[in-house]
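First to last, the protein sequences are chains A and B.
At position 384 of the first sequence (counting the first as 1) the number is 384 in full-length UniProt numbering, and the numbers step up by one without a gap.
At position 411 of the second sequence (counting the first as 1) the number is 411 in full-length UniProt numbering, and the numbers step up by one without a gap.
Careful, some of the hints might be misleading.
A few chain A residues that don't get close to chain B, going by computed Cβ distances all over 12 Å [claimed, not checked]:
1) D4
2) D13
3) K42
4) I54
5) G74
6) D110
7) P167
8) R235
9) L417
10) V442
Taking CB as the label site, the calculated pair distances span [what the hints assert, rightly or not]:
11) A:P34 <-> B:D242: 16 to 26 Å
12) B:K347 <-> A:G292: 33 to 43 Å
13) A:E353 <-> B:P167: 48 to 58 Å
14) A:R355 <-> B:D342: 55 to 65 Å
15) B:K347 <-> A:K291: 25 to 35 Å
16) A:E353 <-> B:A249: 16 to 26 Å
17) B:N366 <-> A:E112: 32 to 42 Å
18) B:P34 <-> A:E112: 34 to 44 Å
What the hints contain is simulated information worked out from the structure, not anything from laboratory work.
Quick caveat, the model's predicted, so the values are computed rather than measured.
By construction, the Cβ of each residue, glycine as well, lies at the ideal position given by its N, Cα and C atoms.
2 protein chains.
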Amino acid sequence: MSLDAVLNQIDSDLTPAIDRLMELLRIPSISTDPAHKESCDKAAEWLVADLKSIGIAAEKRVTPGCPMVVGHVGEDGDGPHVLFYGHYDVQPVDPLNLWNRDPFDPAIEDTENGQVIRGRGSSDDKGQLMTFVEACRAWKAVHGKMPCRITFFFEGEEESGSPSLIPFLTENAAELKADLALVCDTSMVSRGVPSIASQLRGMLKDEFTIIGPRIDLHSGHYGGPGLNPLREISRIVASFYDEETGKVAVEGFYEGVHEVPEDQLRQWAGCGFDEAEYLNSVGYTRPHGEKGYSTLEQQWARPTLEVNGLWGGYNGAGSKTVIPSQAHCKITCRLVGDMDPDALRRKIRKHVEDRLSPDAKVVWDNDLEGSPASVMNISRPEFEAARTALSDEWNREAVFTGMGGSIPVVGYFKSILGLDAMLVGFANDDDAIHSPNEKYDVQSFHKGIRSWARILDALTK
Amino acid sequence: MSLDAVLNQIDSDLTPAIDRLMELLRIPSISTDPAHKESCDKAAEWLVADLKSIGIAAEKRVTPGCPMVVGHVGEDGDGPHVLFYGHYDVQPVDPLNLWNRDPFDPAIEDTENGQVIRGRGSSDDKGQLMTFVEACRAWKAVHGKMPCRITFFFEGEEESGSPSLIPFLTENAAELKADLALVCDTSMVSRGVPSIASQLRGMLKDEFTIIGPRIDLHSGHYGGPGLNPLREISRIVASFYDEETGKVAVEGFYEGVHEVPEDQLRQWAGCGFDEAEYLNSVGYTRPHGEKGYSTLEQQWARPTLEVNGLWGGYNGAGSKTVIPSQAHCKITCRLVGDMDPDALRRKIRKHVEDRLSPDAKVVWDNDLEGSPASVMNISRPEFEAARTALSDEWNREAVFTGMGGSIPVVGYFKSILGLDAMLVGFANDDDAIHSPNEKYDVQSFHKGIRSWARILDALTK
Chain A
1 MSLDAVLNQI
11 DSDLTPAIDR
21 LMELLRIPSI
31 STDPAHKESC
41 DKAAEWLVAD
51 LKSIGIAAEK
61 RVTPGCPMVV
71 GHVGEDGDGP
81 HVLFYGHYDV
91 QPVDPLNLWN
101 RDPFDPAIED
111 TENGQVIRGR
121 GSSDDKGQLM
131 TFVEACRAWK
141 AVHGKMPCRI
151 TFFFEGEEES
161 GSPSLIPFLT
171 ENAAELKADL
181 ALVCDTSMVS
191 RGVPSIASQL
201 RGMLKDEFTI
211 IGPRIDLHSG
221 HYGGPGLNPL
231 REISRIVASF
241 YDEETGKVAV
251 EGFYEGVHEV
261 PEDQLRQWAG
271 CGFDEAEYLN
281 SVGYTRPHGE
291 KGYSTLEQQW
301 ARPTLEVNGL
311 WGGYNGAGSK
321 TVIPSQAHCK
331 ITCRLVGDMD
341 PDALRRKIRK
351 HVEDRLSPDA
361 KVVWDNDLEG
371 SPASVMNISR
381 PEFEAARTAL
391 SDEWNREAVF
401 TGMGGSIPVV
411 GYFKSILGLD
421 AMLVGFANDD
431 DAIHSPNEKY
441 DVQSFHKGIR
451 SWARILDALT
461 K
Chain B
1 MSLDAVLNQI
11 DSDLTPAIDR
21 LMELLRIPSI
31 STDPAHKESC
41 DKAAEWLVAD
51 LKSIGIAAEK
61 RVTPGCPMVV
71 GHVGEDGDGP
81 HVLFYGHYDV
91 QPVDPLNLWN
101 RDPFDPAIED
111 TENGQVIRGR
121 GSSDDKGQLM
131 TFVEACRAWK
141 AVHGKMPCRI
151 TFFFEGEEES
161 GSPSLIPFLT
171 ENAAELKADL
181 ALVCDTSMVS
191 RGVPSIASQL
201 RGMLKDEFTI
211 IGPRIDLHSG
221 HYGGPGLNPL
231 REISRIVASF
241 YDEETGKVAV
251 EGFYEGVHEV
261 PEDQLRQWAG
271 CGFDEAEYLN
281 SVGYTRPHGE
291 KGYSTLEQQW
301 ARPTLEVNGL
311 WGGYNGAGSK
321 TVIPSQAHCK
331 ITCRLVGDMD
341 PDALRRKIRK
351 HVEDRLSPDA
361 KVVWDNDLEG
371 SPASVMNISR
381 PEFEAARTAL
391 SDEWNREAVF
401 TGMGGSIPVV
411 GYFKSILGLD
421 AMLVGFANDD
431 DAIHSPNEKY
441 DVQSFHKGIR
451 SWARILDALT
461 K
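Between the sequences and the hints, there should be enough to build the whole structure, so can you do that?
Right, dumping it as C-alpha cells:
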C-alpha cells in the first residue's frame, strides 16, 4: 500500500521532476576542461540545495579539483544504511556542429522510441543520478521520512579521471562507511530490459607525442630525406593491432585475461541483448573486434586499446606543405579480469619505444591514471531483492549483465571503504553519451525513479 | 662603370630598402585562409604603389581569389623583354607559440650567421621578390630608366594552389608574352653558393576523411566491437610506405620516374651541398628517404608522398573516452620526371579504397590540384650570362641545382605563354620557410639585389 502511494506520487510529480533535471542540465559542468571549473562548483551547489529541500543534511566539500557533495539522512537503527553514488560532471561537447541544439539548453523531443530529454549529461550521469534523488523526494512526500539511513555521495570529476576521489574517500572513510553502495551510472542491456551490472571493465589512459625534426619543415625542401612524425605515429598505432585476429599486438597485453565461463555465456545469451540494434544503430553491419568472440564478449569481457585522439600538422582550410615537428596520440585501454594497469602501461610504452625510428623521440604524459576491472558480489541478498523489484516495475525479468564501461569508484568503495556496490542503471545504448545529441528517454527517467522506490522498499522490508 | 654606380647605389640604399620590405612583411597576406583576404588585397596595393614610385605602369588585377599585380616598363626594341615573377602571399603561421615574436611584426635579429630579417614571408617570397624590385629601383636612380623592357607579374595565391593562375595567364597571354621569365623563389644549395635551379619537383595535393560509426561512440560501450576510424586511418597511412626500402608502396607510384644521369650526379656532387648542415640544422643524424639514393637525390630527384595533416577524435585538455566518427588526412606528393598528377591521384585513391574495412567509408576533397615536374632550358645563353654575373657577385662559381620544391607557374609559363624560365634565388635552407621563425639573411637580401643588377646588366650587354 505504502509503496503504491509513493509510485503514484512519482507519477503525478513527473513534470516538475523533469523541470528540476533541466535546471541541472543547463549548468555546463565539463570537468575535464579547466575553463568550466566554476560551472562544476555551480552544479555541486545546485545539488546541495536540492538535497536540503527534501530534508537531507548536505554539504559541498572542497577538493583540489571539483567539489564533492555529501549528504546524510536517517539514524543508526532504521534499517540498512546505503550510500548512493552519482556524478554531476559531464563530457566535453565537441564537435558542436553535430548537435541538433545547444548541448546545455536541454529540451524534450519526440522520437520514434518516444519522448527523450536531449542535452549533455541527460543520461551520463545527471539524469540517472536524479532518478534516485526523485525517488527519495517522493518517499519523503508520502511518508515524511526516508525508508532507511542514506548517505548521498556525488562526484564532479568522474569524466576527468577522479583525481580527488581516492584522497577524499581515504580522509572521510569513517563518515562514508555504509552497508552497501548503490550506483546509477550504467545502462540496460537493451530497451526495456532491467539490468544489474555484475562486472565492469577497468581503464588505462595514456598519451604520447612523437617528435621528429626540431621545427616544422617545408615538404619540398625536406620531403624525402625528412622523417615525418605523422608517418611515424601512423606506423606505430597500426602496429598496436594484429589485423588477422583483431587482437592487440602489444606483447603481454592479454596477461590476466580469463575466458568467460560457459554458464555465464549461456546466461548472457539469454539476457535480451539486441545485437542488431546495438550495431545497426551506429552504422555497423558486424562486430569489428577479436575474431572468435561474440559481440557481447567483445564489449563486456575482452580488453581493448583504443585511440581516442590523433593529431599533428595542418588541419585548417586549404593545404599546407609542411612536415610537422610533432604528432600526438591519446589512448585508453579497457581492462578485464586481473589485468594490472601499471604493468600494462609499461608494456605499451615499451612497444612504442621499441619501434621508434632513429632521430624520432617519444614524450609521455605522466598524469593519466588507470584502474583494474571489477566484479560485483551478486551473492548478497540485496541483489536478489533488487532483481525482483526491477522485474515488477518493468514487467520483464531483470538480468545480470557485464558492462563495457569503467566505473573506477566501485573498486575504491571496496578497497577503501570495504563496501560492495550494486549497479542499477536505466540508460539505453542509443543515448549517445560522450557524443553529440546525448539524450535520456523520459521512460528511463520515469521508470528509473519508480524502480528506485521499489528497490528501497524491497531493501527495507 | 655604369654597373658599379648601380651597385654603389644599392649599397647606400640598403637601410631604406629593408624598411620597405618590413612594410610589406607587416601585411598578413595568408592566402590559404579566407579570413585574410583583405590583407592579400592590401599587399597587392602596396606593391602597385611601390612599382609606380619607380615609374612602372602597375595595376592590381582582380581575380575570383587574391588579385594579381601586373606592371610594364620600357618599349619594344630596348633590349630583351623579361617577365619577372614573384608571389606576395605567405604561409599560415601556426603553431604561433613556437615563434620568438609576432610573425607579422618583423625585425632585424643578430644570429651566429650574421643579421637576419625575421618574420613570415621574409624569405618566401616577399624578401626574394623585393630583391629584383630594389635592383630596378637602383638602376632607375642611376640611369633614369630600366636596362630593358620588363614586365612585373606578382601572384597572391602561390601558397594556396594558384586557383586563378591558369585562367589569368590564358586571358592575358598576349599582354604577358616576353623573351624569358625570371623567378626569384628558390634557395641556394648552401650558404654563399649562388645557384640557378635547373629542375623542380611537381606537386599533387589530396585530402580524405575516413568515416566509421554514424556518431562519436563511448569507448566503453563500443570499445571492442566498434570500428575506430583513427585505427583505420593509421593502418592506411602506414600502408603507403615500404619501411624496408623507404619507398612509397602505392602500386604504380614510380611510373614516369627516371634515374639521374651519371654526369648530373657528378655535377651535383661538386655543387657545394652541405649534407651535414642540411640534416643537423633540423635535428637529423641521417637521411630517412629511399635507401640507395643520396640525400640530394632524395630531395631533388625522387618523388614523395607526405602526410601534412592528420587528425580525429579529442585533442583538448585531459582525456575523452571516445571512438570518433571521423578521421582526416591531408597529403601532398612531390613529382619528378614524367609522373602524371592525375594518374597518380587515381592510384593513391585506389590504394586507400582497396584497404578500407567493411563499414568504413572514405570521402575525398576534390578541390585540390596537381602539377608535373619541370626542367629548365639551361642551354639558352641567358643562363650562362647569369651564371657569370652570379659568380662575380658571390666570388664563388655559380651552380646549376635541382630543387625539392614545386613552382607550378614555371610549367604554366611554358605551356600557356611559351616562355622559358630562369630561377635564381638567394634563400638558405635554414630560413624556416613554412615554419615558425621564418627569416631571410640580410646578406641574401643585399647580395640578392646586387645579383639582379649584375644579371640585368649581363642580359642587356
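Taking the hints in turn, this is what the structure says about them:
No beta-carbon of chain B is positioned within 12 Å of the beta-carbon of D4 of chain A; the least distance is around 35 Å. At roughly 31 Å, the least C-beta separation between D13 of chain A and chain B is larger than 12 Å, which holds for a residue marked as non-interface. At the 12 Å boundary, the C-beta of K42 of chain A stays outside the reach of chain B, the nearest C-beta of that chain being 19 Å off. For I54 of chain A, the non-interface assignment is confirmed: its Cβ lies about 32 Å from the closest Cβ of chain B, beyond the 12 Å cut-off.
Separation of G74 of chain A from chain B is adequate, the least Cβ-Cβ distance of about 34 Å exceeding the 12 Å criterion. The beta carbon of D110 of chain A is kept farther than 12 Å from every beta carbon of chain B, the shortest such distance being approximately 19 Å. The claim that P167 of chain A is not at the interface with chain B holds, since no C-beta of that chain comes within 12 Å of its own (minimum 19 Å). With a least beta-carbon separation of about 4 Å from chain B, R235 of chain A fails to lie farther than 12 Å from that chain, contradicting its non-interface assignment.
Distance to chain B confirms L417 of chain A as a non-interface residue, since its nearest Cβ pair spans about 24 Å, more than 12 Å. Under the 12 Å C-beta cut-off, the non-interface status given to V442 of chain A relative to chain B holds; the minimum distance is some 21 Å. Separation of P34 of chain A from D242 of chain B is about 44 Å and departs from the stated range, judged on CB atoms against 16 to 26 Å. Checking the proposed 33 to 43 Å range against K347 of chain B and G292 of chain A shows it holds: the Cβ atoms sit about 36 Å from each other.
Between E353 of chain A and P167 of chain B the beta carbon distance is about 52 Å. The supplied range of 48 to 58 Å therefore holds. R355 of chain A and D342 of chain B have their C-beta atoms about 36 Å apart, which leaves the hinted 55 to 65 Å range violated. With their beta carbons about 31 Å apart, K347 of chain B and K291 of chain A fall inside the hinted range of 25 to 35 Å. Restraint check, E353 of chain A to A249 of chain B: a C-beta distance of roughly 25 Å satisfies the suggested window 16 to 26 Å.
Separation of N366 of chain B from E112 of chain A is about 35 Å and conforms to the stated range, judged on CB atoms against 32 to 42 Å. At roughly 40 Å, the beta carbons of P34 of chain B and E112 of chain A sit within the given window of 34 to 44 Å.
Violated hints for the displayed structure, listed by number in ascending order: 8, 11, 14.
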